[in-house]
Amino acid sequence: MDKILSKKAFSQWVKMLQSFRIYAPLRDDDIWTYEVVKLPEHIDLDFLTTALSPKKIIFPQKEVFLEFRKTNEDAPEIKEVLPEEDPTIIFGVRPCDAKALTLTDKVFGGDFDDIYYWKRRNHTILVGLACNTPPSPNCFCLSVDGSPHSTDGLDILMTDLGDRYYVESLSKKGDELLNLGKSLFTQPKSTDKKDKDKIQAESRKKIKRQIKDLKKVPPKLMGMWGSPFWDEEAMSCLRCGICTYMCPTCHCFDINDEILSRAPLKGRRVRTWDNCQFPDFTMHSSGHNPRPDKSSRLRQRIMHKFQYFVECYQDYQCTGCGRCISKCPVGIDIIEVLEKVRDYGS
Amino acid sequence: MDHNTYLPRLAKIIHIKEEVSGTRPIKTFRAQFLQENGFSYRCGQCAMLSVFGKGESMISISSSPLVNDYLQFSILKMGRVTSALHEMQVDDIIGIRGPYGNSFPIEKWKGKNLIFIGGGIGLAPIWSVLNTALGKKQDYGKLTLFYGARTSNDLVFKEELEELRQDLTVHLSIDVEEPEWNDYVGFVPLNVLDKKPSPKNAISITCGPPIMIKFVIQNLQALGFKDEQIFTTVENKMKCGIGKCGRCNIGLHYVCKDGPVYSWAELKNLPQEY
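Quick mapping for you: the protein sequence lines, in order, are chains E and V.
Be aware that the first sequence starts at 491, since it is given in my numbering, and climbs by one per residue.
Be aware that the second sequence starts at 86, since it is given in my numbering, and climbs by one per residue.
Quick caveat, the hints were computed from the structure, so don't treat them as lab data.
Among the clues, some could well be false.
[Unchecked claim] Facing chain E, from chain V, some residues (calculated, C-beta under 8 Å):
{"#": "1", "residue": "Thr90"}
{"#": "2", "residue": "Leu95"}
{"#": "3", "residue": "Glu141"}
{"#": "4", "residue": "Met163"}
{"#": "5", "residue": "Gly164"}
{"#": "6", "residue": "Gly331"}
Quick caveat: nothing in here was measured; it's all calculated off a predicted structure.
Glycine residues also receive a C-beta, built at the ideal position from the N, C-alpha and C atoms.
Here chain E stands alone, though its shape is the one from the complex (with noise of 0.2 Å):
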């Protein structure tokens, strides 16, 4: 269902959606964060890059798992915490983080489902926003089988035509969401499509940042794994993990107990967002640690986005957002990475 929508009935839109919870980036000085909108009009959909992916909605950095207490020699209660499942609204969603969103869902999915993560993402909608420019001077989507008006992953996707959105619809969920906005809508003409053709063809060739022949990265990666490349590569890393933390398709997480009161004992079990670059994360009791060093971590950080996961999902576990290149402290570049891996030994 394809629809136009005026910029000035958008907030108006939104408010008849009030029975949702909804989200959307809003400005804190010169940081873009997802929140919960308490006014329609705050909304402001020309933002750039968002600090983190709406990935925190669906597994929030910190959640609580399980709550125990024990009182005197009693057995432990326990009560399971599973999340509320308040319908939810994600509004100016880029298509590399909805197409991040379908990639966790492998992860969380498959032969156990993670019930946390999925009693939030089954009852959230993903309104999406086609990147007319790009939102990030690293957005490098081409390369890894996305674009900037993808529509993988999206209930609905928005393109900005200067005074109205071209309002394409992907989903049964997204059809609800038209629907309850009716009156505002109104038909496309064969002018507004071709409007927005021309518009996502110019996007495509705003993208300045690219990784010609990615394919040829995969099955190279497997026979580098003792090369002193990662050496090399990793020799300035600071170990400090911006790069998976502001990651959109990064999922590893840490499980840990948390005391609130020692007698009587009372606390809860909560899940955190973890990381594979930090020496803790594999490290086993005894001392010993199968990922000791740097270079073996940042060879698992690649490894993991461009062999495994390809392997398993047949997908990179990349959407080329951007976000690692232009936070890591020391300019570690995955482009540049990845590249040297296409090109190493020819």
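Chain E is already provided as a structure; the job is to place chain V on it using the hints.
Same frame as chain E, now just chain V:
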């Protein structure tokens, strides 16, 4: 989708045995679920044990699935959770979730001679499959156990091993000479080389420290064992148990889900990340 795999079920410790004392203590625990459990497992699988307030630790199940009324774990005191477990008493409550991982393909081993090779706490996963084979002795050929530790004090299941000598050939070893020690002195891989088990119609199952496993495999190969006849278990740090938290992988295998049991034919093709 409504099943929550992260939710442990409560179990009562019904029996604790101190196996090894000293600086690397090992205790064997038996636990029973407070409620009817439906927890069915296979030899070689692991369970995630909880000490509430301390956290979780992945431990291999050392009891045989033929035993119905308890789960057994032999645990080396090492980190936060295992230290807390070592403080626990009979009737204390722990959490258990699982079972996790693959298992020894014992159905395929019917009619074969089984050679178990364990080092230190590595006897725990072997114990499950060894006792299963003993319980169905008619299904298998000759059973042999090589087992060693640093000192005689570090050997687990000592009394049980003496009783088992009637049912299987036991070759014990310790790393350095001790008075009144009548068995082999030297590392486990050397004991294997010394006793020369025949590869004919045999399967070997090796668990122990990585360095021991490495040399046992070399020596088994020298004795003519093929890669498909050599089985071992791998351990890595784990948190989720279901291949999602991302830390226990060796290459594209998650040890918690795709392991911990590997034949050498499989493991030799994976990167050495364990």
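Going down the list of hints, with the structure as the test:
1. Thr90: Interface hint status for V/Thr90: holds (5 Å vs cutoff 8 Å).
2. Leu95: OK, holds: V/Leu95 within 8 Å of chain E, min 6 Å.
3. Glu141: The hint holds - V/Glu141 has a Cβ within 8 Å of chain E, the shortest such distance being about 6 Å.
4. Met163: Holds - the Cβ of V/Met163 comes within 8 Å of chain E, reaching about 4 Å at its closest.
5. Gly164: holds (3 Å)
6. Gly331: Since the shortest Cβ distance to chain E is 3 Å, the answer is holds.
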